[in-house]
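Undergrad: Sequence:
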Amino acid sequence: SLEIPGQRGLILENWKVDKERLILSGNNPTGEVRFTYLNPQGLKIIKTLKFYNDSYKINAKVDFQNTISRDVYIPEYRLSWGPGIKEEEQKAGRRYGQFSGPVSFINGKLEKDTLERGFLKPPSVKVGIPTIHQGKIGWVALKSKYFMAALVPSEAAQATVIEKDGENKATVGIKMVPFSIKGKETISHEFTIYPGPKDYELVKGLGLGLEQAVDLAWWSWVTPISLILLKLFKWFYKIIPNYGVAIILITLLTKVILLPFTQKSFTHMRAMQAIQPKINALREKHKSNPQELNKHMMRLYKEHKVNPLGGCFPMLLQMPIFFALFGLLYTSIDLRGAGFIWWIKDLSLPDTVGYLAGFPINILPILMGLTTVIQQKMTTVDPRQAKMMLLMPIFMTFIFYNFASGLVLYWLMTNILTIGQQYIIAKRMPTTAQ
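Start counting the sequence shown at 1; every next residue gets the next number (the working numbering).
Keep in mind that the hints are not guaranteed to be accurate.
To be verified - Label pairs and their computed distance ranges (CB to CB): (1) 207 with 391: 46 to 52 Å; (2) 424 with 154: 57 to 63 Å; (3) 209 with 260: 34 to 40 Å; (4) 116 with 180: 37 to 43 Å; (5) 201 with 307: 39 to 45 Å.
By construction, these hints were calculated from the structure, which means they are not laboratory data.
Predicted, not measured: the structure shown is a model, and the values here were computed from it.
All C-beta atoms, glycine included, are put in the ideal place defined by N, C-alpha and C.
Build out the structure end to end from the sequences listed, making use of the hints.
TA: Here it is in structure tokens:
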């Protein structure tokens, strides 16, 4: 929509449109729709929208024609999108992607606004109170999990404006700087509108900087790793056009890359298991004297060349790749509507096969929980921790139960490959107390 302070006639019913429909094809790749409005003071406004058969991009041009002889002053008019983005996720019963969030690219940085209260944090946009961001305007957009609607000005803009209605939906807009039009002259402004998927390569190809709005990871510091994994993910899909297979292959590749670190961690674990009987004996002998126990424990670690924290460092080195891949699979639009095998018809949804008394039966999280039990039994060093660690599979199954099946598939494959690694290392390095 287009809004000008003091111009109350700019409602949809007062615009004249030059065509009722537009059909594009390979033989007719582009087309335009033109809206015209003439106010009583002689100002004619023409909005021209140019559509493309092979792109989500829309080119918008706003012409201000002064049809009278005296100058016409245009105050800070605004081009807006909203309220909200139509959510197909909600229709399809999807559990994620139902939040539309406004974001502005100002002075080379992202400004994110919240419509709902967060943890100990009020919403940044309130009903009836516009939020205005001033500076060097790049663009403004509304985002959901998989889609966004962005406005990109070609001319110098004054600010972005975010407004919230009572249904937690936002309207975003570009506020332009005031200007005057001399008699019988025309001034034009151009914009690019992008209502489409948050596909990183697709939006980067537009050259508008909209790739900044695509969340490849939950934390910006792992985004470079996510970009590498995204290219590998797409490459695997080109070889075998099945995103479930691509997830398995990229999981296998990351396990191979991280093999030296995981092997070192498992080797350390086996060494700790080997001296566990001696550790238990020392604890029993010096249970009333913590200082003496600590001294003998340090001596035991030194004698067997074991660092009690030695297994943590190799695992920490793996965390950036884990976070990058986890975030990528959580937000990737490629999984939306992509099937895998048999009962898994959509990797962006839970793999529900049926319901028991209204409760969904999801196969992958159950398998993930079972493999986590096996993994815990293979890795728990201290028998006193064994019962406590069995709570972990229950907790993980609960957390992942309604996650996207593509994400759970990644975790399940990670568990299976980890169990295989542990089994091989256990065969090569049996646990014996010396």
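Undergrad: Hint by hint, say whether it matches the structure.
TA: Verification of the hints:
| no. | hint | verdict |
| --- | --- | --- |
| 1 | 207 with 391: 46 to 52 Å | holds (51 Å) |
| 2 | 424 with 154: 57 to 63 Å | holds (60 Å) |
| 3 | 209 with 260: 34 to 40 Å | holds (38 Å) |
| 4 | 116 with 180: 37 to 43 Å | holds (41 Å) |
| 5 | 201 with 307: 39 to 45 Å | holds (44 Å) |
Checked against the numbered hints listed earlier, the structure breaks none of them; every hint is satisfied.
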